[in-house]
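Fit chain B to the given chain A structure using the hints.
These protein sequence lines are chains A and B, in that order.
Numbering of the first sequence is given in our numbering, commencing with residue 1 and proceeding in unit increments.
Numbering of the second sequence is given in our numbering, commencing with residue 1 and proceeding in unit increments.
Fair warning: there could be bad hints in the mix.
[Stated by the list, open to error] Capping the alpha-carbon separation at 27 angstroms, the derived lysine-lysine pairs in BS3-like fashion look like this:
id : chain 1 : residue 1 : chain 2 : residue 2
1  : B       : 30        : A       : 14
2  : B       : 52        : B       : 30
3  : A       : 19        : B       : 30
4  : A       : 70        : B       : 52
[Claimed, not checked] Okay, the calculated bits of chain A under chain B, using three or more residues with CB under 8 angstroms as the criterion:
id : segment
5  : 13–27
6  : 55–63
7  : 74–84
Because the hints were derived from the structure by calculation, they are not lab data.
Note that CB positions come from ideal geometry on N, CA and C, so glycine has one too.
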Amino acid sequence: MPELKPGDAIPEYKVTPDKYLPHRYAGASGDFNPIHIDPEFARAVGLPGNILHGLWMMAQVARGAAQLAKGDPRALKRLSVQFRDMGFPEQELVVSGTVKEAANGRVVIEMAAAQGDNQVIRNAEAEVSVS
Amino acid sequence: MPRIAPPMPVKSDAVGKRWPAVTYEVGAEKIREFADAIEAPNPVHRDHDAAKAAGFRDLVAPPMFCVVYSARAMGPAILDPEVGINLATMLHGSQEFEWEEPVCDGDVIETTASCIEIYEKGGMGFYVFETVSTNQDGGQTVKGVWTNIVRGE
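So that you can see chain A by itself, here it is in the shape it has in the complex (with noise of 0.2 angstroms):
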């Protein structure tokens, strides 16, 4: 990959939840809240259906950012979100970044994931190690 510099948009990273994502999700991670896997449950308490974790779609912004360093999971060093709206399967994520610090082998980006018009994540930082 060529020298990042601050400014430079890091290559999107984009993935579909399928229907059953949020069940095996909920088995992986341990997260069995109804809202996330029965529709039914999330209808009764408001939502417009079942609705993606929090933390799989953070996972996501993890992939999106280690992308620099080729999937290493020792790259990644840090990485904050703010969850902003819900997310739902069956709908395309994006995730983008954009440069804002690069120096010594460490790379700060500014990160965000989207379905449509959606903001699920804004204003995530991730420190990357690409030496």
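Positioned in the frame of chain A, the structure of chain B alone reads:
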């Protein structure tokens, strides 16, 4: 006329409180299951030899696997009546992780949660917790800052 949010009284007695450490034993199949669920493609999450060839002690977890072992320590904190969170109106507001030592198959991770801040802003209660996780060698694997937001009635 704009609606002004009524103040949401919060009690901050629990700031500084720590809960007992929670232990988690990491296993290969759990790492593979989690890597599949977040679609992390790197073979170091699935294949022992690939992980060792890449310099890891053994099959290595994706960074966000930290939620599997550290979220368990958050349960007692969120449910503690001294904290006083109304779970019915709680949202996960923001999250931060800082990673250090990689987590591998066979590791035993201990996580301690503490309450670092409780405040009211814009008619909502903000409850901020920290988790610190260490492995069997005393190496810190991750520090998490969890902010839960409770809407007023």
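Structure-based check of each hint:
1. Restraint check for residue 30 of chain B and residue 14 of chain A: satisfied, since their Cα atoms lie roughly 25 angstroms apart, inside the 27 angstroms limit.
2. As the CA atoms of residue 52 of chain B and residue 30 of chain B are separated by approximately 18 angstroms, the hinted pair is consistent with the 27 angstroms bound.
3. With a CA separation close to 22 angstroms, the supplied pair residue 19 of chain A and residue 30 of chain B stays within the 27 angstroms bound.
4. The straight-line distance between the Cα atoms of residue 70 of chain A and residue 52 of chain B is roughly 17 angstroms, inside the 27 angstroms bound, and the hint therefore holds.
5. Coverage of the segment 13–27 of chain A by chain B holds in this model, with 5 residues showing a Cβ closer than 8 angstroms to a Cβ of that chain against a need of three.
6. Check on the segment 55–63 of chain A: 7 of its residues sit with their Cβ under 8 angstroms from a Cβ of chain B, so the three-residue criterion for coverage holds.
7. With 9 residues bearing a CB less than 8 angstroms from a CB of chain B, the segment 74–84 of chain A meets the requirement of three and the coverage assertion stands.
Hint compliance for this structure: no hint is broken.
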